[in-house]
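Using the hints, position chains B, C and D with the ligands against chain A.
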Amino acid sequence: MTDDVTTVALDAWVRRFAELIAQERDHLTELDSAIGDADHGANLDRGMTAAVASLDDLGPAGAGPMLTKVGMTLVSTVGGASGPLYGTLFLRMGTVLGDVPSVSAEQLGAALRAGLDGVVARGKAQAEDKTMYDAFAPAVDAFEAGLKDGLGLADALGRARAAADEGRDATTPMLARKGRASYLGERSVGHQDPGATSVALLVAAAADTLR
Amino acid sequence: MTDDVTTVALDAWVRRFAELIAQERDHLTELDSAIGDADHGANLDRGMTAAVASLDDLGPAGAGPMLTKVGMTLVSTVGGASGPLYGTLFLRMGTVLGDVPSVSAEQLGAALRAGLDGVVARGKAQAEDKTMYDAFAPAVDAFEAGLKDGLGLADALGRARAAADEGRDATTPMLARKGRASYLGERSVGHQDPGATSVALLVAAAADTLR
Amino acid sequence: MKKLINDPNDVVVEALLGVEAAHPDLRVDHANKVVYRGDAPKPGKVGIISGGGSGHEPLHGGFVGLGMLDAACAGEVFTSPVPDQMLAATKLVDGGAGVLHVVKNYTGDVMNFEMAAELAAAETGANVVSVVTDDDVAVQDSTWTAGRRGVGVTVLLEKIAGAAAEEGRDLDAVAAVARKVNAQGRSMGVALTSCTVPAAGSPTFQLGEDEMEVGVGIHGEPGRRRVPLAPAKEIAEMILEPILSDLPFGSGDAVIAFVNGLGGTPLIELYVMYNEVSKILSKHGVSVARPLVGSYITSLEMAGSSVTLLKVDDELLSLWDAPVRTPALRWGI
Amino acid sequence: MKKLINDPNDVVVEALLGVEAAHPDLRVDHANKVVYRGDAPKPGKVGIISGGGSGHEPLHGGFVGLGMLDAACAGEVFTSPVPDQMLAATKLVDGGAGVLHVVKNYTGDVMNFEMAAELAAAETGANVVSVVTDDDVAVQDSTWTAGRRGVGVTVLLEKIAGAAAEEGRDLDAVAAVARKVNAQGRSMGVALTSCTVPAAGSPTFQLGEDEMEVGVGIHGEPGRRRVPLAPAKEIAEMILEPILSDLPFGSGDAVIAFVNGLGGTPLIELYVMYNEVSKILSKHGVSVARPLVGSYITSLEMAGSSVTLLKVDDELLSLWDAPVRTPALRWGI
Ligand SMILES: Nc1ncnc2c1ncn2[C@@H]1O[C@H](COP(=O)(O)OP(=O)(O)O)[C@@H](O)[C@H]1O
Ligand SMILES: Nc1ncnc2c1ncn2[C@@H]1O[C@H](COP(=O)(O)OP(=O)(O)O)[C@@H](O)[C@H]1O
Ligand SMILES: [Mg+2]
Ligand SMILES: [Mg+2]
Ligand SMILES: [Mg+2]
Ligand SMILES: [Mg+2]
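Protein chains in written order, with our numbering: chain A, 1 to 211; chain B, 1 to 211; chain C, 1 to 333; chain D, 1 to 333.
Since the hints were derived computationally from the structure, they do not count as laboratory data. Every residue, glycine too, gets a C-beta built ideally from N, C-alpha and C. Check each hint, because a few of them may be wrong.
[Claimed, not checked] Short, incomplete list of chain A residues facing chain D, as computed with Cβ under 7 Å:
| no. | residue |
| --- | --- |
| 1 | 29 |
| 2 | 37 |
| 3 | 76 |
| 4 | 80 |
| 5 | 81 |
Bound conformation, chain A alone (with noise of 0.2 Å):
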């Protein structure tokens, strides 16, 4: 078995997000209702379910027109903040891995890290800002650094969800200086941020599923 990552991994992935996405729904939408405004769960649930039909419709396609094809649904059904965010995240991985069949691992590690500098492009957050940031960097780089080291894709993919949810985790005592629950300034401080906890279930779909 080879560490190539076919389209049909790729199509499991994004529904396996959508999967966790569905299932966690009302946790993130809980960890929203406290910093946020209550709707993160159901922001993602209704762009992912609209991803996966998107996909049914798409039939056979390559590994690039897949991920664009899942970021411009997200762009057009989503909205909010997490909408351009994750949009122009699978966007920018459709854009760097081209119409083909399968990529490799260091290919899927350049879309990924694509991926991170679109939402940077787009949300200007910054490490410790308490975002979606603060899980998918160390996941990214956990990712690299594992492929750097020798690691196969899934055990690189196995450093990539600890980092993630390492990484979700380290949001908790952070105060947020972007996005909606920055408004709260000091109270912000104690909750997990839902959005790095979303991310970090995108590294753990990825995780499950491209092997």
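Quick look at chains B, C and D with the ligands alone, frame taken from chain A:
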């Protein structure tokens, strides 16, 4: 000691009524919450506080002018259904009594009867409509009957008080046909009428003070 | 009790100060709690006054102005004003052509307005005619009872009678058009929550999280029956059926359709309701000549809605469309 | 959850059907959830669109019409619309003179409008200028954060910019007057209760019977601090002090004073608040040129109020007074 009712006693009656209303204010409002609009206690308390103040202003006066003043004050300060009804009750008593320093038990009976007639003229209530009529009419009847039976003022008022209390309690199973409670139809059954409750306090205050 | 107020006993007085400060076109007689037009009395114009307990805002003070009311008397919360107030208002607006009293059919309102009319006749000789609104189909109509309550139709009547007075009709004609509005209008309401009278301090009735009251009035009184909370579609059917069958309204009729909020219900829900109402009306062949959606006759912060239908002809429509300039209704000027 | 709705997921769609049925002057593009003027695009007139999450009604859809917005995009409840919607609205109202996007400063709104402007430039070459409102003094202003929220000033800005566009000013001039309004306006709000997002089903935050949240926005998010429930007088001081000292507003300034209800607070309480606000302003020598009292930018059924002050000069005042005909604001026509 004669059975004459002096203006000092009438003054005490009004003040005692005001006191009882203030004490029972919340209870009256509670009764009015169940089958009305939760203001009967506040309405009468506002009115009787003003009535007492108006007597303070008036200074020494005859029986008629005194009760007329109370009636006018109630009309001008209570509003709602109870304002015109209690107002008319006192106004009619005032008219019957005239500008005299004291009145006989029989004259008091005639005044109460005139007050009752005024309530009926204003509100068109009949027996068992579940209104203040159902407590006040039996009280007036009992007072007149007591005097006819040769009872003194205090004993006749004692009978009137018992009759008013009984009439008040009898409103509970009635289906309201007048006032706000009538809107409830069948749902008005099983609740004691607020106006019957307050008018029983008026009779109780008389029994406490007119001796 | 969660309210933006100071002392619960000062709510009405302070709200009137706010009305005065916010609406330079209007005047307030604070002693009598009367809101009136700055240009009253208008010589030769029939004056129109109304009034009732407070807690129904913008009714009635918010409807004072050109093309609608000349004055409004504010009672304590949910308590009819006293005759002195209506008498003062009558004097303020009597421009020699007589004064119409618009009275909602509640025992207290009717008796206090009656006493005021008696006083006005005695004191000033003013020509006063009263029109009583009683459009609430949730209440069984009968000569043995207090009769039906006056609710949503009151708003439409004040607008239409106001326009008739403004265009110079005489007292009898203004009263006639007012009676016509009441005769052709029907309403019913539903409450999702109770409300709290400030002086009482706690909700007038208790309602479970899954319950609602059908057939409520506008005084926080319980309704005709308590039923399980239902979707907007079913609620609209529940209140429109009795309204439609009462007049009755039928195919070919044109109406003003008024979806009203009871105070605590936001506009987004009223539009959801309006959508349901409009579907039911078109199913019955009733066409909406004019819509009105908003919280115009309220019951403090009660959540819920009432629907009023008024069957209109060209006369009523042109009076409805006539210019109006009040705090709560304004168009054409 | 006690709401006059059907399926919680259909609230926005059904409310838009209600808006369409109730307002024959307006059109609704249901696919894109855009409310727009029946006469759009107006050749040669600058188009003005806005939009945001739903749940703030009448903002924005209720402000579409002559003299105000040309179109409004409705997002899901409390969720910024998506770029496709703003793109569709931009196309609908572009009469060749360019389109102003009025954006409330929330991360989501800003990013989605940004993407829409990028798409519009690429797809149609439309000349789009964006103005962002950020008037909420409850939020610390800083370049390190998302900055201040856009709240009440948005209503005043849409009216004033709308008048400027209606009188034929060009895009830069309309944008300039809009920026001036934002620069001279400040707001702050307080919540007595939370609200319930339909799709969430339970209140966004829990508030004790004796507590309130100071410094809330309009999305049911908690405020800056939780304090004991206070009388209206103290609440008015609590929110006016930071507003007055921020611009600052001072003696001799004339303002539009806007006392807004958050959705579940009835008008009688807003007038009590207005009375307190008006007293504080006159103590500071600030004169009220125009008042606005009502629920115009809401947070579903949240009980509470916000206050917005806008410092005005003759230009802003005459634009404010210009005719407007929308479902929620109407005068002069
Ligand atoms: N500028 C930003 N950069 C990166 N992530 C952000 C930014 N602003 C917000 N977020 C993320 O978005 C999440 C909220 O998403 P969501 O609730 O769907 O949108 P909204 O805040 O518009 O309601 C936050 O928890 C945070 O992780
Ligand atoms: N037509 C009537 N005749 C006699 N009493 C009446 C009539 N209508 C109402 N009442 C009395 O008035 C009482 C209610 O008074 P109150 O609550 O002060 O006025 P409102 O009903 O206007 O709020 C009722 O309990 C009833 O006893
Ligand atoms: Mg959110
Ligand atoms: Mg009562
Ligand atoms: Mg009452
Ligand atoms: Mg949101």
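Which numbered conditions among the earlier hints are violated in the structure presented, ordered from lowest to highest? Violated: none.
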